[in-house]
Amino acid sequence: MSRHAGGYNADPRVRRIEWLPWIVALAAFFLLPEYLSLGARILIYVLYALSLDLILGYAGIITLGHSAYFGLGAYVAGILAAKVGITDPMIQLAAAAAAGALLGLVTGAIILRTRALTLLMLTLAITSVLLEIANKATPLTGGADGLSGVVVAPVLGLFKFDIFGKTAYLYCLVVLLAGWWLVRRVIYSPFGTSLTGVRENSLRMHAIGAPVYWRLVLVYTLSATIAGVAGGLLTQTNQFVGLNVLSFESAGELLVMLILGGVGRIYGAFVGPVAYLIAQDLLAKQFPEYWYFGIGTMLVLVVMFARGGILGILDAALARLRRKA
Amino acid sequence: MNLALETRALCKSFGALTVADKIDFRLEAGARHALIGPNGAGKTTFVNMLTGVLAPSSGTIVLGREDITALGQAKRVKRGLGRTFQINALFRRLSVLDNVALGVAERRGVGFRMLRPASAHAEVRAESMALLATLGLAEDADQRILDLPYGKQRLVEIAIALGLKPSVLLLDEPAAGVPSLESDRILQVLDKLPKDIAILIIEHDMDLVFRFAQRITVLVQGEVLVEGTPEEIGRDKRVHQVYLGEQRYA
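Protein sequence lines, in the order shown, are assigned to chains A and B. Going by this note's numbering, the first sequence opens with residue 240, and the numbers climb by one from there. Going by this note's numbering, the second sequence opens with residue 233, and the numbers climb by one from there.
Note that these hints are calculated values from the structure, not bench results. Every value quoted in this text rests on a predicted model; they were computed, and no experiment measured them. Keep in mind that a hint or two might mislead.
Claimed, not checked - Taking beta-carbon pairs under 8 Å as the criterion, some of the chain A residues facing chain B (in silico): (1) Gly245; (2) Tyr247; (3) Pro429.
Claimed, not checked - Here are the simulated distance ranges between beta carbons: (4) Ala352(B) - Leu538(A): 36 to 42 Å; (5) His436(B) - Glu488(A): 51 to 57 Å; (6) Arg376(B) - Phe526(A): 41 to 47 Å; (7) Arg376(B) - Gly388(A): 51 to 57 Å; (8) Ile256(A) - Pro381(B): 45 to 51 Å; (9) Arg325(B) - Phe544(A): 20 to 26 Å; (10) Gln375(B) - Leu379(A): 38 to 44 Å; (11) Leu538(A) - Asp379(B): 30 to 36 Å; (12) Ala352(B) - Gly324(A): 44 to 50 Å; (13) Asp423(B) - Thr357(A): 54 to 60 Å; (14) Leu538(A) - Arg325(B): 23 to 29 Å; (15) Ser486(A) - Phe344(B): 43 to 49 Å; (16) Gly388(A) - Leu347(B): 39 to 45 Å; (17) Ile517(A) - His436(B): 56 to 62 Å.
Claimed, not checked - Under 7 Å between C-beta atoms, here's a sample of chain B residues computed to sit facing chain A: (18) Gln318; (19) Ile319; (20) Phe323; (21) Arg325; (22) Ala333; (23) Arg345; (24) Pro349; (25) Ala354; (26) Glu355; (27) Arg357.
For each residue, glycine too, the CB sits at the ideal point set by N, CA and C.
All chains, please: the whole structure from these sequences, using the hints.
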């Protein structure tokens, strides 16, 4: 599970250990049937975190507004289902992806001309503007009450969404598998290697003739597309869209998950949401008023003592063991 | 005379401060040319204008026969203008091979591709390895830049630039910060560079300049003071006065 980086000498084949998350996910389906709703939510957040890892971990684009694309995807799927009458989950998901891509392309083309704090503030502004639009466009979005009445037809006309979350879980797992395959493919490609180059030294990337700006716009659009799909999945599994999907808190929460798991590692996006959402679930049951204290403590410990996140700790421990052996 | 690069009345001002004043400069095809001058003479500003990092306030830059004044950095590189940096500008956490391969891939138009893994582009890897071998860096291909001695890092700078197959190569102090023994190694490498590449070297190490260059331009306070062969420059009293003190190199 060590850091995954592309490169012209990197072996792109899937290693044995990389099957572990999928085995765990399938095992959870059979062994923890009462937690499938939470499981589906975790899978959605893993996909969402993967989209963030692509731009933050590999291209070095800092953002506090990734919820804009996630939220837009969620609303597009929801509006199609509740207002337009399009109930096919694949069409809803494709529309969520297209909306995320379009917004990613347009906003990326504007904000990626800036850097650092200006970029951070602009990402925040985009999600704030979208939140306010969703809040005011009550006839379409339900405003502060949220969008209900979301109808989702059976997947491929065969698998109906059930109250135990079985279909939702497997459906999310398949979409996540496709998202993971895509992200992994990109990271190991020449394009992915060039993104790492941009993150490491954009000055040099300019000097070797790389169109840095367009490369960033492209990866940002791709990331926004995946975030849009994740948002669409959330709508389909919850059959409801609330304003919180567009909130700054949602984007911040995602960032915390990724930092917990480990940035720029692919699988940090798997471990982070699992750790965060399970901790949230357990802590909220034990300490309903103070559960954020536990999350905050985890984050402080990781930032202070384990900059590579949970996977970074594992890597360091394994390296120590190998040295001793 | 076949010119590889030319500037006409190139100026750069920051407010009231003029750092480049009507610089007329000509670099012949295949030339070994040095640009020298005391600190603050405007050498790096000049290179930054040539490469598109800085936009000139006025004047024209011609590469080959094309006016490139309005072109961005990437387009200038695609047209054959390569450079190295005074302070290493490498991908520090990437391997030596990837540092060079990134440039080779851009030149070959591979950098945007997403479908095949980077390692499947054997042509990029082979060309990068061949380049590293010519610079004596083949054994270091898998090393991260972070783990490489400084002198070798300077060679990687040159390798990256060569991977772009430039017609004009701007070397901004290639021996800066390098111990004298390794400086000789850099000079050997420079001597072996393909003769069809026109090279402009900006350097403070006068030994290196006078051993390498066929022509020298002296820049002082943003203006060209004098240009000539190393012998002419070594004899020029104005150069001695503003730059060389009483030392003689001719």
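Evaluation of the provided hints:
1. Given the 8 Å rule on beta carbons, the hint for glycine 245(A) holds: about 5 Å separates it from the nearest Cβ of chain B.
2. Annotation: interface hint on tyrosine 247(A) holds; nearest CB of chain B at approximately 4 Å, less than 8 Å.
3. At about 5 Å, the closest approach between the beta carbon of proline 429(A) and any beta carbon in chain B falls short of 8 Å, and the interface hint on this residue holds.
4. With their beta carbons about 39 Å apart, alanine 352(B) and leucine 538(A) fall inside the hinted range of 36 to 42 Å.
5. A hinted range of 51 to 57 Å holds for the C-beta pair histidine 436(B) and glutamate 488(A), which are about 54 Å apart.
6. Our hint of 41 to 47 Å for arginine 376(B) and phenylalanine 526(A) holds, since their Cβ atoms are close to 44 Å apart.
7. At roughly 55 Å, the beta-carbon separation of arginine 376(B) and glycine 388(A) lies within the given 51 to 57 Å, and the hint holds.
8. Separated by about 34 Å at the C-beta atoms, isoleucine 256(A) and proline 381(B) break the suggested range of 45 to 51 Å.
9. The hinted range of 20 to 26 Å is satisfied by arginine 325(B) and phenylalanine 544(A), whose Cβ atoms lie roughly 21 Å apart.
10. In this structure the hint that glutamine 375(B) and leucine 379(A) lie 38 to 44 Å apart at CB is violated, the actual value being about 57 Å.
11. Leucine 538(A) and aspartate 379(B) have their C-beta atoms about 32 Å apart, which keeps the hinted 30 to 36 Å range intact.
12. Roughly 46 Å separates the CB atoms of alanine 352(B) and glycine 324(A), a value that falls within the hinted 44 to 50 Å.
13. About 46 Å separates the C-beta atoms of aspartate 423(B) and threonine 357(A), a value inconsistent with the hinted range of 54 to 60 Å.
14. Hint check: leucine 538(A) to arginine 325(B), Cβ distance near 25 Å, so the stated range 23 to 29 Å holds.
15. At roughly 35 Å, the beta carbons of serine 486(A) and phenylalanine 344(B) sit outside the given window of 43 to 49 Å.
16. The hinted range of 39 to 45 Å is satisfied by glycine 388(A) and leucine 347(B), whose Cβ atoms lie roughly 41 Å apart.
17. At about 60 Å, the CB distance of isoleucine 517(A) to histidine 436(B) agrees with the hint of 56 to 62 Å.
18. For glutamine 318(B), the interface hint is violated, since its Cβ never comes within 7 Å of a Cβ in chain A; the closest pair sits about 12 Å apart.
19. For isoleucine 319(B), the shortest C-beta to C-beta distance to chain A is roughly 10 Å, which exceeds 7 Å, and the interface hint is violated.
20. For the restraint placing phenylalanine 323(B) at the interface with chain A, the shortest Cβ-Cβ distance is roughly 4 Å, inside the 7 Å limit, so the hint holds.
21. About 6 Å separates the beta-carbon of arginine 325(B) from the nearest beta-carbon of chain A, less than 7 Å, and the hint is met.
22. For alanine 333(B), the interface hint holds, since its Cβ comes within 7 Å of a Cβ in chain A; the closest pair sits about 4 Å apart.
23. A distance limit of 7 Å between C-beta atoms decides the matter here; for arginine 345(B) the minimum to chain A is near 5 Å, and the interface restraint holds.
24. Using the Cβ-Cβ criterion of 7 Å, the hint placing proline 349(B) at the interface with chain A is satisfied: the shortest such distance is roughly 4 Å.
25. Interface hint status for alanine 354(B): violated, as the beta-carbon distance to the closest one in chain A is roughly 9 Å, over 7 Å.
26. With its C-beta approaching chain A no nearer than about 10 Å, glutamate 355(B) sits outside the 7 Å limit, and its interface hint is violated.
27. Restraint check, arginine 357(B) versus chain A: the minimum CB separation of about 5 Å is within 7 Å; hint holds.
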